[in-house]
Every structure is written in structure tokens, then in C-alpha cells.
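Participant: Produce the entire structure from the sequences given, and follow the hints as far as they go.
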Amino acid sequence: MATQVFKIPESLREDVKYSFCPGCDHGVAVRLVAEVLDELELREKSVLVASIGCSVTLYDFLNVDSIEAPHGRALAEATGVKRACPDKFVFTYQGDGDFASIGLAESLHAALRGENVSAICINNTTYGMTGGQLGPTTLLGQVTTTSPTGRNLEYYGYPIKIAEHVALCDGTAYSARVSLDSVANIRKAKQAIKKAFEVQLQGLGFGFVEILSTCPTNWKMTPSQAHDRVRDEMMKIFVPGVYKDVTTDGTTHKMR
Amino acid sequence: MSRIVIDSEKCKACYLCINECPKKLIKIGNTANSLGNRVVEFDDPNNECLGCAMCAARCPDLAITEVYKG
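Protein chains in written order, with numbering that gives the first Met the number 0: chain G, 0 to 255; chain F, 0 to 69.
Keep in mind the hints are simulated off the structure, nothing from the lab. Heads up, a few of these hints could be off.
Claimed, not checked - Under the rule of at most 27 Å between Cα atoms (straight-line distance), these lysine-lysine pairs were calculated in the DSSO-like manner:
hint, chain 1, residue 1, chain 2, residue 2
1, G, 189, F, 23
2, F, 23, G, 16
3, F, 23, G, 6
4, G, 6, F, 68
5, F, 68, G, 189
6, G, 219, F, 26
7, F, 68, G, 193
8, G, 87, G, 194
Facilitator: What follows is the structure, given as C-alpha cells:
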């Protein structure tokens, strides 16, 4: 008798069809969030704050109560929802342009205030939805539509390392960076998302996961080449690891 | 007998699952779905599938909807 080892998570809408480009890791990240919501039985008490970017239609995919935030303000809205309804489970799902460029003030101050919410940030080193412009996490030398000769240090400066910045905030309970380049790393990513959700349930503070993802369309690569780029280029700069976890090391910053 | 179920209407032909399968049982098929994508097929004549679900974990579009092991 064969046992079922994989099924579509119940927290996803029935017959869901993603609007993402072929090979985009967003779909994997959304599925992992849905699987964790299933495992922690949070679907009925969750409020999702969707952001602007490729994640803008997330309420079409996840079967949870959702509100849409203006660009970058997802964590400001999440703060309001959580303070008004502390019994709800509140999480945001944002891209790197939303979290770390337009919404950097809202995001880092939510972490500094120790808001008891969870945030997922997809880092694909570009502004995916608007056509591949230079974003805050674009790697040095990376060619985008607004840096056609590559990101130049003198002109554009350095990319931001989001998980490290969030880990430095005293209100943060959990900050990790994970990758989706291989199945082994996908499984680690799920554990990190689960941990970030659990710290909210325990009332410990801000839970954050940065997910290294691909954008094959704007990187002008095949999905498989895009994963090689994540492994060979992105993971050297944006090193995966747990940057802060108050459940294991008190309030000190444990790097990696 | 382990097996997977593919919803070909969801397949966007990224072919990431083909590299992931340890037994190389997923192949590019000869049919297209309503989106015009040349979708993948599961071809396991010798019952080699392990039911490891790595293809389903990798698929970004939930086109591999069920995996059975045993």
C-alpha cells in the first residue's frame, strides 16, 4: 500500500495556478509558507500582509485573510493589525525592493520595536516585477536594465545584507538567511520559516527569514543556470545561516 | 509501487524536475498544454521511482501534485 508523501498544502487555494514566470523560486517559497501554516495549524487565525512586487497577488494563492500594503509599508500595517488583534498570527511576505529599499525604515523599525510579527523577504537581487532594475541587493558587477555596464561601486555603492541588519536590531528574536537553490536547502528553508513563525507564537519578538531566490526572466538565464548563479555568486556574498536566535543564545548576536 | 502525479495544465516547462530526479524518470514529453508549454512526462516502466518527492519539492508551480511511496 503506497503512502502519500507529498500533497498540495491545504493553506493554498484550491486549484491554485501561480502567475510567476517559469522556474521562479517564488512558487517554492509560497508553498513552504503554506506547508508551515498547515503544520502549525495557523490558517484560521492568520492575517497575511501582502506587499508590492511579484508577491502582490499572494492573496490569490494563500487561503488566509489578507490585506495589501502600500509599497514597503507591509510591516507598518502588520504592526497595526497585531496591536489591534494580538491573538491573530500576523506575517508579511515581501521582496527585497519592498523590504530593504522603499520600506527599509518601516522594516528595521518594526524589528527595533520588537513587534511580535513574522516577515519573509525574498531576495532575488533585482526588481523583478517592474522589469529588472537595480535594487538594493544587486551584486557588484551585476548587469540590470538601470546598470547596463554592471553595478559599479563608486556610483552605486554596496548591496545591503538584510539578515545581518535585522539581526543587529535588539527587538529581533530570530533572523536567518536561507537559499532555495537545492532540495536540501529548500528543506532547511522550511525549518527557518517554521522557527520564525514559532517565535511569534511564543511572543518572543520579531521573526525574520531572508530567502535567496531566482529571477530567470530578468537575469536572462534558464531556471537551472539561475540556481547555479545563486550557488556560485549570491551565496558567497549573502552567506546563508542563522544570524540571531534568542531561543538558543539569549539576547546576544550569534553570527552564523 | 512509488509514483508521482503530474498536472500538465500547471506545468510551465522550466524542466527543473528533470535534473532533480535521481533515477531520471521525468522526461520532456511530446504534448503541449493549453498554454503551449511542452510539458514533462513521468515514464517509469521498470518501477524505479523511489518516492523521494525531490521533484515535487523542486517544482515551483505545484505541477507535481501528489507523490506516493511504497
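Participant: CA of residue 23 of chain F to CA of residue 16 of chain G, is that 27 Å or under?
Facilitator: With Cα atoms ~26 Å apart, residue 23 of chain F and residue 16 of chain G stay inside 27 Å; holds.
Participant: Hey, residue 68 of chain F versus residue 189 of chain G, does the alpha-carbon distance stay inside 27 Å?
Facilitator: Status holds; Cα separation ~21 Å.
Participant: Decide if the proposed pair is consistent with the structure: residue 189 of chain G and residue 23 of chain F, CA atoms, cutoff 27 Å inclusive.
Facilitator: 26 Å, holds
Participant: With the threshold set at 27 Å, check whether the alpha-carbon distance from residue 6 of chain G to residue 68 of chain F stays at or below it.
Facilitator: The given pair, whose Cα atoms are some 12 Å apart, holds under the 27 Å limit.
Participant: Quick one, are residue 23 of chain F and residue 6 of chain G close enough, alpha carbons at most 27 Å?
Facilitator: 21 Å, holds
Participant: Keeping to a limit of 27 Å between CA atoms, is the pair of residue 219 of chain G and residue 26 of chain F held or broken?
Facilitator: Given that 27 Å is the threshold and the Cα spacing comes to 24 Å, the pair holds.
Participant: Can you confirm whether the C-alpha distance between residue 87 of chain G and residue 194 of chain G stays at or below 27 Å?
Facilitator: 17 Å, holds
Participant: Regarding the pair residue 68 of chain F and residue 193 of chain G, is the alpha-carbon distance no greater than 27 Å?
Facilitator: 25 Å, holds
The structure fails none of the hints (numbered hints given earlier).
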